[in-house]
Amino acid sequence: QTVTVEVLDHLEHLALVDFRDSEGVERLQKAIQFADQLHEVNTDGIEPMDSVLEDRCLYLRDDDVTEGNCMKELMKNAREKVEEYFVAPPGNIPLPKLEEQDAFLQSS
Amino acid sequence: QVSAALREGQITPTELCQRCLSLIKSTKFLNAYITVTEETALKQAEESEKRFRRGQPLGVLDGIPVAVKDNFNTAGIETTCASNMLKGYISPYNATVVQKLLDQGAVLVGKTNLDEFAMGSGSTDGVFGPVRNPWSYSRQYKEKSAPKSHPEDKEPEWVIAGGSSGGSAAAVSSFTCFAALGSDTGGSTRNPAAHCGVVGLKPTYGLISRHGLIPLVNSMDVPGILTRCVDDAALVLGSLAGHDPKDSTTIQDKFKPFELPNLPDVSKLSIGIPKEYHAPGLSSEILALWSKAADLFKSAGAKVIEVSLPHTRYSIVCYHVLCTAEVASNMARFDGLEYGHRSATNDSTESMYAATRREGFNDVVRARILSGNYFLLKQNYEHYFVKAQKVRRLIAQDFGKVFGSGVDVLLTPTTLSHAAAYAEFIKEDNRTRSAQDDILTQAANMAGLPAINVPAALSERGLPVGLQFIGRPFQEKQLLTVAKWFEKEVKFPMIQLEEVKRHDHGAFQHQKSASFS
Numbered sequence: 588q589t590v591t592v593e594v595l596d597h598l599e600h601l602a603l604v605d606f607r608d609s610e611g612v613e614r615l616q617k618a619i620q621f622a623d624q625l626h627e628v629n630t631d632g633i634e635p636m637d638s639v640l641e642d643r644c645l646y647l648r649d650d651d652v653t654e655g656n657c658m659k660e661l662m663k664n665a666r667e668k669v670e671e672y673f674v675a676p677p678g679n680i681p682l683p684k685l686e687e688q689d690a691f692l693q694s695s
Numbered sequence: 002q003v004s005a006a007l008r009e010g011q012i013t014p015t016e017l018c019q020r021c022l023s024l025i026k027s028t029k030f031l032n033a034y035i036t037v038t039e040e041t042a043l044k045q046a047e048e049s050e051k052r053f054r055r056g057q058p059l060g061v062l063d064g065i066p067v068a069v070k071d072n073f074n075t076a077g078i079e080t081t082c083a084s085n086m087l088k089g090y091i092s093p094y095n096a097t098v099v100q101k102l103l104d105q106g107a108v109l110v111g112k113t114n115l116d117e118f119a120m121g122s123g124s125t126d127g128v129f130g131p132v133r134n135p136w137s138y139s140r141q142y143k144e145k146s147a148p149k150s151h152p153e154d155k156e157p158e159w160v161i162a163g164g165s166s167g168g169s170a171a172a173v174s175s176f177t178c179f180a181a182l183g184s185d186t187g188g189s190t191r192n193p194a195a196h197c198g199v200v201g202l203k204p205t206y207g208l209i210s211r212h213g214l215i216p217l218v219n220s221m222d223v224p225g226i227l228t229r230c231v232d233d234a235a236l237v238l239g240s241l242a243g244h245d246p247k248d249s250t251t252i253q254d255k256f257k258p259f260e261l262p263n264l265p266d267v268s269k270l271s272i273g274i275p276k277e278y279h280a281p282g283l284s285s286e287i288l289a290l291w292s293k294a295a296d297l298f299k300s301a302g303a304k305v306i307e308v309s310l311p312h313t314r315y316s317i318v319c320y321h322v323l324c325t326a327e328v329a330s331n332m333a334r335f336d337g338l339e340y341g342h343r344s345a346t347n348d349s350t351e352s353m354y355a356a357t358r359r360e361g362f363n364d365v366v367r368a369r370i371l372s373g374n375y376f377l378l379k380q381n382y383e384h385y386f387v388k389a390q391k392v393r394r395l396i397a398q399d400f401g402k403v404f405g406s407g408v409d410v411l412l413t414p415t416t417l418s419h420a421a422a423y424a425e426f427i428k429e430d431n432r433t434r435s436a437q438d439d440i441l442t443q444a445a446n447m448a449g450l451p452a453i454n455v456p457a458a459l460s461e462r463g464l465p466v467g468l469q470f471i472g473r474p475f476q477e478k479q480l481l482t483v484a485k486w487f488e489k490e491v492k493f494p495m496i497q498l499e500e501v502k503r504h505d506h507g508a509f510q511h512q513k514s515a516s517f518s
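Protein chains in written order, with our numbering: chain A, 588 to 695; chain B, 2 to 518.
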């Protein structure tokens, strides 16, 4: 079964990464086909495995501050900043849909 | 041996460092290094020299040149993961494993090349170009490639170094450092180790800290160790292993560094030969080598039996789903706001993120992110992601059953064949290649088991071929003992590189000084 345009659009919005061209879409198709082989395996009664260390307890340490205070260091790597703030462009503006994509890409 | 030489004053850390640095310069065509940290290396060497003069070296690693794969954070040094996304990113901190090496006095000579974000099996997909296997330039390979009548006529085509830690493997193989750090998620340390003829150790998941290793798949990544001999690997492991409060996936058990016996004995062990590892496409040379190795163990008195890991062939499919899913999540942090590349687009956060990611990631990374997101969609979650997790348990159980039945160590090939020529390799895309090349190494990552590649012999074309040993969880001592025994038996030849010979002042060429232990 092929992936619908809605799903492709949805994926691009979720991932904020684009397929760029039909080759990208084909790659996804092939990846899905490849993954379908999983269904040859009978996994009735098997629990999913999250981690190979599942038999051990997770380590928790005391809630004490032991290091930090490196704001200047960390800010060095940001491109756009004002005082101690990272500057982001305005939010809550959704990306255009796939159909409008071409026009959008041409303008950016 | 080099460590002893340093202690006895036969050579000083600065001299050693300078030799490595100039060798790096003359082997630049290998493209093994992204960043060469000449200044800091010389400073570190100087500090080390002062310690030796006072008679107070920090340990075996003091003064030893090492290289680190460029997906480990190194304070004050650019860390790029071979991607446009992180070009110009200067790490504000050292990864725990890097810190441990530096605390022992090791001298960091540079950051090595890799596939972008460690995704790949050839070290061909990074933005700094592919890594060339040093053996492409070895006398052994050249002799077998060019017909005897035209020795200088045509340069034989160069072969890939394997991936994704190809740079680290090439660096160790060409003598530009004595040990290197790689990372292993699907075989990324063992694959290039096999192609470059060096020892590649993947420790048990949870033994070595991942703090500072830019993550690919959180549940499978481990830092890998590349060295020229098994003893060296044991030494490096000794300084790196142990609980790290900054990485909650490291186990709390106290780690006891060990030394391997001088005369390892394998007669009381049981070696398993998993029949499913006779994968389609396995070269006849490697098959024969594998057989010979089994016979070697038999004649030493070990019990060699055939075993079965029935879900082996699904490991790569399972990996494909789990890896892309975790990648989709891990790569989400790259939005251009706090670090790394940032696009000029400023209309909205979403458009800026999208443009940044489009510009920063290559096709491989973007393809994996998109596939991962697909498998994680609500409608697909059970069907793909959870299913893959169930298959993962089956794979881990396969190993559990085999080890539970008395087998101590498994013996398998590491790769399907020797290194491919670059021109051949790039004919197929990254995903296809990874699926083909990771097939023998991947399952160990699924189950979190320790595994090691030991170079075994040269192929008909003069290229290295290695064999893999997989051990029980946290039984690195036993695994390395078996590896050391095997290493002694096969006596893998040293690479004959023009550049190395030219830099030889006695210390390097001597077989013993190939190692630092």
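Keep in mind that the hints were calculated from the coordinates and are not lab data.
Please read all numbers here as calculations on a predicted model, not as lab measurements.
Honestly, I wouldn't trust all of these hints.
Below, simulated EDC-like cross-link-like pairs (lysine to aspartate or glutamate); rule was C-alpha separation at most 16 Å, straight line [to be verified]:
hint, chain 1, residue 1, chain 2, residue 2
1, B, Lys-88, B, Glu-339
2, A, Lys-617, B, Glu-499
3, A, Lys-663, B, Asp-254
4, B, Lys-391, A, Glu-654
5, B, Lys-402, B, Glu-307
6, B, Lys-247, A, Glu-627
7, B, Lys-88, B, Glu-360
8, B, Lys-247, A, Asp-649
9, B, Lys-247, A, Glu-634
10, A, Lys-668, B, Glu-339
11, B, Lys-145, B, Glu-158
12, B, Lys-391, A, Asp-623
13, B, Lys-391, A, Asp-649
14, B, Lys-26, B, Glu-360
15, B, Lys-391, A, Asp-651
16, A, Lys-663, B, Glu-79
Problem - Hints breached by this structure - result: Numbers 2, 3, 4, 6, 9, 13, 14, 15 - these are the hints that the structure violates, sorted from lowest upward.
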